[in-house]
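A.B. asks: Protein chains in written order, with numbering that gives the first Met the number 0: chain A, 0 to 360; chain B, 0 to 358; chain C, 0 to 307.
These are computed hints drawn from the structure, not numbers from a lab.
Be a bit skeptical, because a hint or two may be false.
With a straight-line Cα cutoff of 25 angstroms, these simulated DSS-like cross-link-like pairs (lysine-lysine) come out [unchecked claim]: (1) B/K228 with C/K301; (2) B/K146 with B/K228; (3) B/K28 with A/K43; (4) B/K149 with B/K228; (5) A/K242 with C/K301; (6) B/K146 with B/K28; (7) B/K245 with C/K301; (8) B/K120 with B/K149; (9) A/K240 with C/K301; (10) B/K282 with B/K265; (11) C/K121 with B/K55; (12) B/K106 with B/K273; (13) C/K121 with B/K246; (14) B/K287 with C/K114; (15) C/K114 with B/K335; (16) B/K183 with B/K110; (17) A/K12 with C/K301; (18) B/K54 with B/K287; (19) B/K245 with B/K54; (20) B/K301 with B/K146; (21) B/K146 with B/K110; (22) B/K246 with C/K114; (23) B/K265 with B/K287; (24) C/K114 with A/K225; (25) B/K28 with B/K60; (26) C/K236 with B/K245.
Chain by chain, the residues:
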Amino acid sequence: MLLRLEQRPEVSKSMVYASPLIAVVLTILTAMVMFALLGVDPVKAIATFFIEPISTLDGLAELCVKATPLILIGVGLALGFQANVWNIGAEGQLIIGALAGGGLALAFYDHSSIFLVPAMLVSGVIGGMAWAAIPAWLKTRYNTNEILTSLMLTYVGLLVLSYLVHGPWKDPEGQNFPESRLFHESALLPILIDETRLNVGWLLALLVVVAGWLLISRHIIGFQIKVIGMAPMAARFAGFKEKRLIWLTLLISGGCAGLAGVIELSGAIGQIVPSISPGYGFTAIIVAFLGRLHPVGVFFAGLLMALTYLGGDSAQITMNMPNAVIGVFQGMLLFFLLASDVLIRYRVRIGPHKVQAEVAE
Amino acid sequence: MHLKSKLGGAAAAAVLAFGLSTAAQAQMKVGFVYVGPIGDHGWNYQHHQGLLALKKALGSKVTTTHVEKVAENADATRVITKLASTGHNLIFTTSFGYMNPTNKAAKRFPKVTFEHATGYKRLSPNVSTYSARFYEGRYVVGKIVGKMTKTNTIGYVASFPIPEVIRGINATYLSAKSVNPKIKIKVVWVSTWYDPGKEADAAKTLIDQGADVIMQHTDSPAPLQVAEKRGVYAVGQASDMRNFGKKAHLTAIVNNWAPYYLARTKAVMDGSWKQQDTWHGFKEGMVKMAPYNSAIPAEVVKLAEDTRKGIIAGTIHPFEGEIRDQSGKIRIPAGKRADDGLMAGMNFYVQGVDGTIPK
Amino acid sequence: MSVDWLIPAILTIVTAATPLVFAAVGETVVEKAGVLNLGVEGMMIMGAIAAFATAVSTGSGFLAVIAGAGAGLLLALIFGVLTVYFQSNQVATGLALTIFGLGLSALIGHSYVGKTFEGLAKLDIPGLSDIPVIGPLIFGHDGLVYFSVISVIIVAWFLNRTRAGLLVRAVGENHDAAHSIGYSVTLVRMGAILFGGAMAGVGGAYLSVAYTPLWVENMTAGRGWIALALVVFASWKPWRGFLGAYLFGGITIIQLYAQGMGVEVSAQFLSMLPYLATILVLVVISRDSAKARVNAPACLGKNFHVSV
Numbered sequence: 000m001l002l003r004l005e006q007r008p009e010v011s012k013s014m015v016y017a018s019p020l021i022a023v024v025l026t027i028l029t030a031m032v033m034f035a036l037l038g039v040d041p042v043k044a045i046a047t048f049f050i051e052p053i054s055t056l057d058g059l060a061e062l063c064v065k066a067t068p069l070i071l072i073g074v075g076l077a078l079g080f081q082a083n084v085w086n087i088g089a090e091g092q093l094i095i096g097a098l099a100g101g102g103l104a105l106a107f108y109d110h111s112s113i114f115l116v117p118a119m120l121v122s123g124v125i126g127g128m129a130w131a132a133i134p135a136w137l138k139t140r141y142n143t144n145e146i147l148t149s150l151m152l153t154y155v156g157l158l159v160l161s162y163l164v165h166g167p168w169k170d171p172e173g174q175n176f177p178e179s180r181l182f183h184e185s186a187l188l189p190i191l192i193d194e195t196r197l198n199v200g201w202l203l204a205l206l207v208v209v210a211g212w213l214l215i216s217r218h219i220i221g222f223q224i225k226v227i228g229m230a231p232m233a234a235r236f237a238g239f240k241e242k243r244l245i246w247l248t249l250l251i252s253g254g255c256a257g258l259a260g261v262i263e264l265s266g267a268i269g270q271i272v273p274s275i276s277p278g279y280g281f282t283a284i285i286v287a288f289l290g291r292l293h294p295v296g297v298f299f300a301g302l303l304m305a306l307t308y309l310g311g312d313s314a315q316i317t318m319n320m321p322n323a324v325i326g327v328f329q330g331m332l333l334f335f336l337l338a339s340d341v342l343i344r345y346r347v348r349i350g351p352h353k354v355q356a357e358v359a360e
Numbered sequence: 000m001h002l003k004s005k006l007g008g009a010a011a012a013a014v015l016a017f018g019l020s021t022a023a024q025a026q027m028k029v030g031f032v033y034v035g036p037i038g039d040h041g042w043n044y045q046h047h048q049g050l051l052a053l054k055k056a057l058g059s060k061v062t063t064t065h066v067e068k069v070a071e072n073a074d075a076t077r078v079i080t081k082l083a084s085t086g087h088n089l090i091f092t093t094s095f096g097y098m099n100p101t102n103k104a105a106k107r108f109p110k111v112t113f114e115h116a117t118g119y120k121r122l123s124p125n126v127s128t129y130s131a132r133f134y135e136g137r138y139v140v141g142k143i144v145g146k147m148t149k150t151n152t153i154g155y156v157a158s159f160p161i162p163e164v165i166r167g168i169n170a171t172y173l174s175a176k177s178v179n180p181k182i183k184i185k186v187v188w189v190s191t192w193y194d195p196g197k198e199a200d201a202a203k204t205l206i207d208q209g210a211d212v213i214m215q216h217t218d219s220p221a222p223l224q225v226a227e228k229r230g231v232y233a234v235g236q237a238s239d240m241r242n243f244g245k246k247a248h249l250t251a252i253v254n255n256w257a258p259y260y261l262a263r264t265k266a267v268m269d270g271s272w273k274q275q276d277t278w279h280g281f282k283e284g285m286v287k288m289a290p291y292n293s294a295i296p297a298e299v300v301k302l303a304e305d306t307r308k309g310i311i312a313g314t315i316h317p318f319e320g321e322i323r324d325q326s327g328k329i330r331i332p333a334g335k336r337a338d339d340g341l342m343a344g345m346n347f348y349v350q351g352v353d354g355t356i357p358k
Numbered sequence: 000m001s002v003d004w005l006i007p008a009i010l011t012i013v014t015a016a017t018p019l020v021f022a023a024v025g026e027t028v029v030e031k032a033g034v035l036n037l038g039v040e041g042m043m044i045m046g047a048i049a050a051f052a053t054a055v056s057t058g059s060g061f062l063a064v065i066a067g068a069g070a071g072l073l074l075a076l077i078f079g080v081l082t083v084y085f086q087s088n089q090v091a092t093g094l095a096l097t098i099f100g101l102g103l104s105a106l107i108g109h110s111y112v113g114k115t116f117e118g119l120a121k122l123d124i125p126g127l128s129d130i131p132v133i134g135p136l137i138f139g140h141d142g143l144v145y146f147s148v149i150s151v152i153i154v155a156w157f158l159n160r161t162r163a164g165l166l167v168r169a170v171g172e173n174h175d176a177a178h179s180i181g182y183s184v185t186l187v188r189m190g191a192i193l194f195g196g197a198m199a200g201v202g203g204a205y206l207s208v209a210y211t212p213l214w215v216e217n218m219t220a221g222r223g224w225i226a227l228a229l230v231v232f233a234s235w236k237p238w239r240g241f242l243g244a245y246l247f248g249g250i251t252i253i254q255l256y257a258q259g260m261g262v263e264v265s266a267q268f269l270s271m272l273p274y275l276a277t278i279l280v281l282v283v284i285s286r287d288s289a290k291a292r293v294n295a296p297a298c299l300g301k302n303f304h305v306s307v
């Protein structure tokens, strides 16, 4: 290869911030070529994707609503991934959390209480934790790989949801259609800005970002998580309890996902429906890595990811672009973003390897 | 157009009205929200055919927009709101799960007109609902499959136990039973609307268990393909699926949304749109039969056609008493016909159907 | 109860399991080389559309499968370049690959919706295929089913019995060591990634030209994810992956049969069985911690770069 990478002596501080920008510029250039080839006005297309969706207050509110679950789950997952705990079943934990919280809303359907929403949120967290506890228990007790168990439990969770909305929890006045009653007013999260859907869930997401940040940078547990991820042997020598960290990271990520689920229900949807989440649990995995497994990074990555979905709506609505193009565009954007992180630790050099380098290796 | 009827009015008012009316026409924007990909060759595909027909009929007088794969959750409200706030005057939301999102948006945008498919809530005056009487098609098909089966077993690939699906199973059974007293119906629930592989597996299962006619209430042509390979018959779903199994394809119940979409768009354009609950069938052309397979004997074709014509004429009704449920309880008394409310919320199997509805 | 249904049931299971076998065996090699590619679903769906498009335009099942493999390989090439050369995170890149593949396949597939292809021919050996029971079970499949079995044999042999296989495993276990004794980690990983992509592509091709010979968007319906889970289920052993695919496919089909026979359990609960069974079996086989750990490639998911 003519282009080659050379490791920097130390992490480039400027590139930490510059690399996402470089990626966005590269994506925009490539996408413009793609749009031009597809016969679409490239400048308009880019504006439609990135600017049009957030040009109104409603758009900004929707951006936050869409980003809330991604950020919440992303922060939780990031902690686990740092400790090499591969929870890829956040989607299932989200669903069970939503059911735990939503079930409470249905149980107290006739009651009006200011305690209902907090109780639902707590119940959602517990629900998500409970679902994540299964892989944690199986991993610590039976050494069962959590990639498989958490993924399989996602499908089980989806079917539990399907069973409940088609059966016991379906709206008694709903002509037997598969959805629950609409939640009572007091089971809905307070709205922050009138005429929009921006709700308290967004503040909770911000709170979780800060909490995650403090945990990872200031708390001994955060330190242990980082060490066990980078050097498991060293961690064992240092006497860290590996099993405890597995439990902890899975419970935290499950709890975050459960919280995201109940916020989605009581903030944005307002009832239990057969498809609560359009795959937030999976998308949040990308968000976690785009954010470089750092809570603040996850925050920005979540917003960016949410923007691409809103941009997808806009592209379909104002430019009649097929949905398929949006997937291609999102994929491309992610490729660039992920690849450009290389600039933080490496320099791009043009030309063949130097002989010294070979020797030095 | 409607200005002509206002000739007696003051000239200034007429000019003003004319100005408004042409402006409204110039801006006629129709939005469609689809739950899945257009490329599913099923439910969404047929709605999109309706959109294409609308465009063809009205040409430059209308701009259409469609958004695919909109999940029936928080995303739906966002997309519908977005359509309403970007100058669309008429929005068709084409899946049941959009019911509450549509009504929410309708409340917020009183000047925009909303049409929701398969729902029952019309909370603001600017929301209509519409659906098709697919059970009429099932009833015609029932006559054919009842006559064509040699094993007296119909295999039914079902998605989820909602009234729409249960109504279809009941209509098929009652009809088939009327021409073949020995008929049995086997139902396999695949818990998905759309997974060609699983739909095919279910069809294979049913054939292995003795079914020699396959019906489906899922979206892909996979069950039909299986029937073709195994040398049994099948009935297409949503669209004419002949291409996927020329020998097996007895006929298909075709969802034909185009006439409705055209009529409602014109109604908005000329100001005659009113809230309504539409449930159209053969009579209005919302449900159609695909061409009959030449393997069906002429007298069976005649039986099917007579049934179809009878339904149109009102002399035949698929749910005419006496109809009992599985427990033997009379649900529709002799001589009575099921009203729309009973049919819309149907959650019982009629007597003679085996198995229980998954709860 | 008669057993007449048993043979057709097994045939249905074979069809359901085969795409999973291809994708899982391919991914096994990828993961053995220390790379976690979560983009199996995206590579499968690209294989499906490429194969179907080729089948429709050329009428050749053979060319269709080649095209499917090629499309999976091309998508894997993107993944390989990004993760191996640009050091991008494997998990996230794999997920992005799935989003990309689903979109691109829908874009390409737009004009193929509603087209048909008669499907791969079943093997039909006069005499042999007509033997009762054994005939249909052993001699009654399409060519890809046999190829899936052969590919498992070859991959198992390759990984365990050849020098090249040893090298793949070494790279997956300890890339620094493999590099220090003079092997190119980059080349080995690229090779494994491309192989995995091609196999996922063939799995997708099986869906669109044999299982259900048609094209509809998203027709893989999550099978790529199941294949990924099966690799873990199998503790990175090809034969166990093969058995896992048949276990998963088998339980899926059996629950459909149970419904047809009138078992009165909610369809949703029956549909959970394959997932629950997979977990349960994995728990049973991985209880012995010493054995299970040996197989997980130590460098799985970690990128490698020559440190200067």
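A.B. asks: Is the Cα-Cα distance between B/K106 and B/K273 25 angstroms or less?
C.D. replies: Distance ~16 angstroms between B/K106 and B/K273 Cα, so the pair holds.
A.B. asks: Keeping to a limit of 25 angstroms between CA atoms, is the pair of B/K146 and B/K28 held or broken?
C.D. replies: violated (48 angstroms)
A.B. asks: So if I understand the rule, the pair passes when the alpha-carbon distance is 25 angstroms or less; does A/K242 with C/K301 pass?
C.D. replies: holds (22 angstroms)
A.B. asks: Holds or violated: B/K120 with B/K149, Cα cutoff 25 angstroms?
C.D. replies: violated (44 angstroms)
A.B. asks: For the pair supplied as a hint, C/K121 and B/K55, confirm whether the alpha-carbon distance does not exceed 25 angstroms.
C.D. replies: violated (44 angstroms)
A.B. asks: Can the restraint linking B/K265 and B/K287 be considered satisfied, given a maximum Cα separation of 25 angstroms?
C.D. replies: holds (22 angstroms)
A.B. asks: Holds or violated: are the alpha carbons of C/K114 and B/K335 at most 25 angstroms from each other?
C.D. replies: violated (45 angstroms)
A.B. asks: Straight-line Cα separation of B/K149 and B/K228 no greater than 25 angstroms?
C.D. replies: Answer holds: B/K149 to B/K228 is near 18 angstroms, not above 25 angstroms.
A.B. asks: When you check the alpha-carbon spacing of B/K287 and C/K114, does it fall within 25 angstroms?
C.D. replies: It holds: about 22 angstroms lies between the C-alpha atoms, which stays within 25 angstroms.
A.B. asks: Given the hint that C/K114 pairs with A/K225, does the C-alpha gap stay at or below 25 angstroms?
C.D. replies: violated (53 angstroms)
A.B. asks: Taken at face value, is the distance from the CA of A/K43 to the CA of B/K28 at most 25 angstroms?
C.D. replies: holds (20 angstroms)
A.B. asks: Between the alpha carbons of A/K240 and C/K301, is the straight-line distance 25 angstroms or under?
C.D. replies: Holds, at about 23 angstroms.
Figure legend: structure checked against the earlier numbered hints; hints not met, in rising order: 1, 6, 7, 8, 11, 15, 16, 19, 21, 24 and 26.
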